[in-house]
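Here the numbering used here is used: the first residue of the sequence shown is 8, the next is one more, and so on.
If you are wondering where the hints come from, they were derived from the structure by calculation, not from laboratory data.
Keep in mind that the hints are not guaranteed to be accurate.
When the alpha-carbon atoms are kept at most 30 Å apart in a straight line, the in silico DSSO-like pairs for lysine-lysine are as follows [to be verified]:
| # | residue 1 | residue 2 |
| --- | --- | --- |
| 1 | 330 | 147 |
| 2 | 330 | 153 |
| 3 | 254 | 330 |
| 4 | 671 | 648 |
Simulated restraints on C-beta separations [stated by the list, open to error]:
| # | residue 1 | residue 2 | range |
| --- | --- | --- | --- |
| 5 | 468 | 370 | 34 to 42 Å |
| 6 | 159 | 330 | 23 to 31 Å |
| 7 | 166 | 257 | 47 to 55 Å |
| 8 | 186 | 559 | 50 to 58 Å |
Yeah, the Cβ is synthetic: ideal placement off N, Cα and C, and Gly gets one too.
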Amino acid sequence: MGWGAAVSATAWDSATQPAWGQLVRGNARLLAPGKNARGVLVLSSHTGAGCSLNRTRVGPPGTAGKPMPMNQPVQLWRRVGSAAVDRFKRIFDLESTGRIVAYSALVGVVAGLGAAAFYVALEHTQYFCLQEVEGYLPPKAGSERKNPEDNNYRLPQRWWWVVLMPTLGGLACGLIVFTLAPEAEGHGTDAMVRAFHRLRGVIRARVPLVKAVASVLTIGTGGSAGREGPIAQIGAGFGSLLATRLKLSDFERRNLMLAGAAGGIGAIFQAPLGGALFVCEVLYSTNAIEFSALVPAVIASVVAYTVFSSMFGHGFAFTPAQKLHFHGFTELPFYLGFALLCTLVGYVYVVVFYGMRDRVFRPLRVPQVLKPALGGLLMGVLALWVPQIMAGGYGWVQMALENRMEVQLMLLLAVAKILATSLTISSGGSGGVFAPSLFIGAMLGGAYGRLCHQWFPDYVPQPEAFVLVGMAGFFAGVAKVPLTSLIMVAEMTGSYELIVPLMLVSMVSVTLLSSRITLYEEQVPTLIDSPAHLGDFVVDILAHVPVAQVYRRDRPVELIEESTPLAEVIHRVAQSRNSYFPVVDKQGRLVGIFSLSDLRAVREEDAVYDGSVAMDLATFPVLTVTPEDDLHTALRRMTQKNIDEIPVVDPQDPQRVIGMLRRKEVIAAYDQHLASLRSGQVRELPPPRYGHDAVSVSAESKTSE
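Sequences and hints are given; from them, build the entire structure.
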């Protein structure tokens with residue numbers, strides 16, 4: 008007999024027995040218990056804990072112990088092998104993670120190839136349109152400079168093409184986008200964020216191709232836009248398509264979509280870690296991060312970066328002329344002041360960017376396909392004075408790093424780039440906002456650093472350091488991606504010595520600039536605000552209950568006219584059972600509100616007591632709800648101001664108060680509805696009724712389908 012039937016007693020030691028028993032424990036019957044005349048160990052079975060080893064002897068043939076049939080060694084090895092495989096799966100958990108890892112790698116390969124194709128197409132288009140037609144030779148940046156001649160540049164020689172070329176590019180972009188895929192308009196990163204939150208990760212198959220062609224036409228003809236938006240949508244589109252074809256879940260589709268975007272960004276910017284962090288961080292306007300997508304994003308980004316680098320070689324987008332260092336505590340005040348400057352200019356950038364779209368181009372009564380051409384025309388006119396704003400402008404950032412630009416020119420370019428980017432993208436052109444943001448931050452940092460060096464040379468010995476810090480700090484504030492910014496800039500330059508000021512300026516800029524001020528308007532504050540995570544938290548019952556169903560219409564509202572003297576206010580409040588009192592003007596329109604605690608605070612100050620009127624007590628502006636809003640919206644607004652009541656206003660006249668909603672009424676409605684759900688009286692919740700500051704998930708889903 009072989010090992011499947013018996014094991015020599017002399018070869019079996021005390022250390023082997025427990026391990027073997029653990030390996031086969033839980034299997035079915037292996038051998039019939041009995042004795043062997045040759046005195047060997049025989050595997051036996053029990054109905055309890057499992058299989059064990061016994062030292063027994065077997066009587067003559069025909070007794071209880073019989074020789075094991077010849078086919079049982081095969082069965083034993085199969086069962087032992089099955090137990091080993093089960094143990095392997097428990098240790099490595101490949102069943103749940105192996106599939107997404109393999110798919111992420113595949114997405115990374117396609118994203119790397121897509122980034123390479125986009126890069127080649129863009130380079131050839133720019134060479135023909137800018138260099139051959141316009142006679143414009145911008146300086147090269149980073150590893151693109153192969154010889155000393157690449158440091159030279161030539162401004163445009165044919166001014167009429169400077170105006171005409173971006174106009175034609177905008178016209179071609181408008182015709183393609185608004186005819187084939189309107190969602191490819193603008194910067195593609197916002198479309199990716201929207202697809203994650205609202206559209207279950209679904210991106211139409213034609214969108215990546217349309218976005219790529221439109222972006223090549225926009226940027227290649229001189230439009231002020233970047234590469235990250237289109238390349239993110241190319242990779243994200245393939246990830247979404249692959250998940251859809253393989254019939255994966257919404258969770259897996261979203262992760263593969265982000266993995267594709269990370270691969271494209273990590274490849275084309277030669278920043279694999281920055282690309283992976285970007286797609287996980289850009290989804291939210293606060294410090295939330297999509298950790299579930301981090302592993303697929305890292306895998307896809309590394310694979311895509313490897314594919315791209317194998318074609319074009321490894322290199323850096325920017326190369327400082329000298330080693331840049333952080334010189335200690337004495338530089339921190341200057342970096343802190345620079346963070347304040349980035350915050351202010353970042354606010355202007357976002358306001359101008361979306362103001363140009365909402366107040367100029369959208370109200371404009373011309374066909375939609377012509378608006379990108381109009382934006383290109385205006386951008387071309389601006390480029391007649393400052394041609395450096397055309398395309399990505401990486402070469403000019405490189406010159407700022409080498410301290411080869413004047414302060415006045417850098418300040419002018421920062422302002423002009425804001426206008427140029429707004430004209431190009433807000434009009435409907437296709438391209439990203441990452442490169443323009445780096446350009447603006449670099450010019451701000453270059454000018455600020457030079458001025459500080461002139462005034463305080465001993466404290467700011469390397470003004471070029473502010474160029475790198477400006478790139479990261481400015482983009483961190485306007486995009487709400489502090490970790491991405493400092494990591495990506497460090498990867499793009501190969502310089503990690505400035506990590507301390509990079510961290511300081513990025514974090515301060517994000518903290519000071521309101522979360523509502525962002526280039527990516529599809530961002531949501533936290534995970535709980537994302538429709539993608541609605542199933543991850545407790546079902547929000549309040550989102551299904553309208554305010555009209557809860558607030559008491561029969562309870563009178565104590566309205567106080569704004570000019571009412573304080574003495575009369577005290578008398579009326581003393582006679583009232585209410586705790587909150589809306590303040591209205593002579594026409595009965597809401598202008599403020601005060602509570603009993605506000606009144607008590609005023610009475611303690613005798614100096615304010617005399618001559619005061621109701622409006623002196625009021626707080627404004629006032630958060631309100633309408634009867635059509637849901638209780639989820641109402642409770643969030645109460646929490647925002649830490650109040651216990653909120654005015655209910657007429658939907659047709661938002662300044663006319665028709666009632667008051669109390670927090671305890673909201674809680675009572677929640678308890679009542681939850682009890683109904685538990686008792687089975689409410690079998691199915693109606694579709695949620697979201698307020699004005701929330702997004703209807705059901706409506707979005709129908710739109711996406």
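Q: Measure nothing beyond the straight line between the CA atoms of residue 254 and residue 330; if it is 30 Å or shorter, mark the hint as holding.
A: Outside the cut-off at roughly 51 Å; violated.
(Q) Holds or violated: residue 330 and residue 147, Cα atoms, limit 30 Å. (A) Answer holds: residue 330 to residue 147 is near 20 Å, not above 30 Å.
Q. Is 34 to 42 Å a correct range for the gap between the Cβ atoms of residue 468 and residue 370?
A. violated, 51 Å
Q. Do the beta carbons of residue 166 and residue 257 sit within 47 to 55 Å of each other?
A. Cβ of residue 166 to Cβ of residue 257: about 52 Å, so the range 47 to 55 Å holds.
Q. Holds or violated: are the alpha carbons of residue 330 and residue 153 at most 30 Å from each other?
A. Roughly 20 Å separates the two Cα atoms, so the pair holds.
Q. Is it true that residue 186 and residue 559 lie within 50 to 58 Å of each other by Cβ?
A. With Cβ atoms ~54 Å apart, the hint holds.
Q: Using the beta carbons of residue 159 and residue 330, state whether their distance is inside 23 to 31 Å or not.
A: holds, 25 Å
Q.
Checking one constraint from the list: CA of residue 671 to CA of residue 648, max 30 Å. Satisfied?
A. holds, 16 Å
Checked against the numbered hints above, the structure breaks hints 3 and 5 and satisfies the rest.
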